[in-house]
Amino acid sequence: MMHHLTGTIQNLLVERMIDTGYVLSYKQNEVLLHHQETNKDLTPGEEIEVFLYTDKKGKVVASTQLPHIQMDSYGWTTVKEVIPNLGVFVDIGTTKEILVSKDDLPLYENVWPQIDDCLYVTLGRDKKGRLLAFPATESVILQDIESAPEELWNTPISGTVYFTSKEGSAIITPEHYRGFIHCTERKQEPRLGQLVTGRVIEVKTDGTLNISLRPKKKESMQEDAKQILDHLQANNGSIPFDDKSEPEDIRATFHISKAAFKRALGRLIKEQKVVQRNGYTYLTQKEER
Numbered sequence: 000m001m002h003h004l005t006g007t008i009q010n011l012l013v014e015r016m017i018d019t020g021y022v023l024s025y026k027q028n029e030v031l032l033h034h035q036e037t038n039k040d041l042t043p044g045e046e047i048e049v050f051l052y053t054d055k056k057g058k059v060v061a062s063t064q065l066p067h068i069q070m071d072s073y074g075w076t077t078v079k080e081v082i083p084n085l086g087v088f089v090d091i092g093t094t095k096e097i098l099v100s101k102d103d104l105p106l107y108e109n110v111w112p113q114i115d116d117c118l119y120v121t122l123g124r125d126k127k128g129r130l131l132a133f134p135a136t137e138s139v140i141l142q143d144i145e146s147a148p149e150e151l152w153n154t155p156i157s158g159t160v161y162f163t164s165k166e167g168s169a170i171i172t173p174e175h176y177r178g179f180i181h182c183t184e185r186k187q188e189p190r191l192g193q194l195v196t197g198r199v200i201e202v203k204t205d206g207t208l209n210i211s212l213r214p215k216k217k218e219s220m221q222e223d224a225k226q227i228l229d230h231l232q233a234n235n236g237s238i239p240f241d242d243k244s245e246p247e248d249i250r251a252t253f254h255i256s257k258a259a260f261k262r263a264l265g266r267l268i269k270e271q272k273v274v275q276r277n278g279y280t281y282l283t284q285k286e287e288r
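Heads up, the sequence shown is in numbering that gives the first Met the number 0, so the first residue is 0 and it goes up one at a time.
Hints may be right or wrong, so weigh each one.
Have a look at the derived ranges for each label pair, beta carbon to beta carbon [unchecked claim]:
no. : residue 1 : residue 2 : range
1   : W152      : P83       : 33 to 43 Å
2   : E218      : Q275      : 22 to 32 Å
3   : E222      : K58       : 55 to 65 Å
For the record, the hints were derived by calculation from the structure and aren't laboratory data.
In this text the structure is predicted, and so the values were computed from the model without any measurement.
From the three backbone atoms N, C-alpha and C, an ideal C-beta is built for every residue, glycine too.
Generate the whole structure from the sequences, applying the supplied hints.
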């Protein structure tokens with residue numbers, strides 16, 4: 000049995016050609032190399048380098064198309080298929096696309112990767128011995144990051160999300176800088192594997208970055224004020240929020256920080272579009288008209 004070698008690259012001996020391909024051998028075990036898995040004309044007695052994996056029937060088979068990731072290495076892969084309640088399949092450079100199980104994806108499917116998103120993964124086996132792709136952990140990412148220069152402050156930056164949660168999201172840039180996006184610095188939680196573009200708001204002493212996906216304060220205040228007005232109009236002109244509301248309540252409803260909420264609310268009060276009273280904010284009669 001050769002199941003313990005699936006996901007690895009091995010040198011096998013060509014034994015003979017059959018109708019469906021070539022029979023290869025490895026320590027008295029035989030493996031099929033299907034015609035579709037090679038573009039070479041092979042000769043019995045020749046030794047070739049192949050990638051071993053399992054087919055749909057669970058049999059170990061070979062391919063001369065070698066993947067760009069293996070059991071002991073990580074690499075970027077593109078999502079090719081998303082299957083609810085199962086996971087996503089990624090392209091590792093072979094004809095066989097490999098599953099990233101739902102167990103290794105975010106709990107909520109709305110932040111799962113979509114087709115053409117990218118995941119940084121390695122190959123491995125689950126408890127049943129199935130060949131799967133596993134996303135890199137934070138400790139793996141930190142082994143390969145570069146220290147960001149201070150000159151990046153307040154500049155645009157793009158990167159791919161490799162971790163995301165309600166508290167925040169982490170990205171890695173093409174330059175191998177690591178960035179963190181706090182939940183108050185994004186309008187919504189980005190997908191795992193999504194390419195996002197934001198602005199550097201802090202270059203930390205450890206060389207990592209804090210990033211915002213929100214516009215600068217002036218533009219952001221306009222958006223936040225509009226969101227408050229929209230919320231008021233959708234709730235008959237009153238909402239149970241004012242400048243004394245708890246930050247967690249504000250964040251849960253408006254997805255912005257308390258400071259941003261107070262700035263936008265102050266602007267609306269100054270423009271006489273809203274008033275505050277007894278813990279509530281109300282549309283003025285002028286604005287209701």
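Report task. Confirm or reject the claim that E218 and Q275 have a C-beta distance inside 22 to 32 Å. Result -> holds, 24 Å
Query - Whether the CB-CB distance between W152 and P83 falls inside 33 to 43 Å - result: holds, 41 Å
Query raised in the report: Is the distance from the Cβ of E222 to the Cβ of K58 consistent with 55 to 65 Å?
Result: About 56 Å separates the Cβ atoms of E222 and K58, which means 55 to 65 Å holds.
The earlier numbered hints are all upheld by this structure, with none contradicted.
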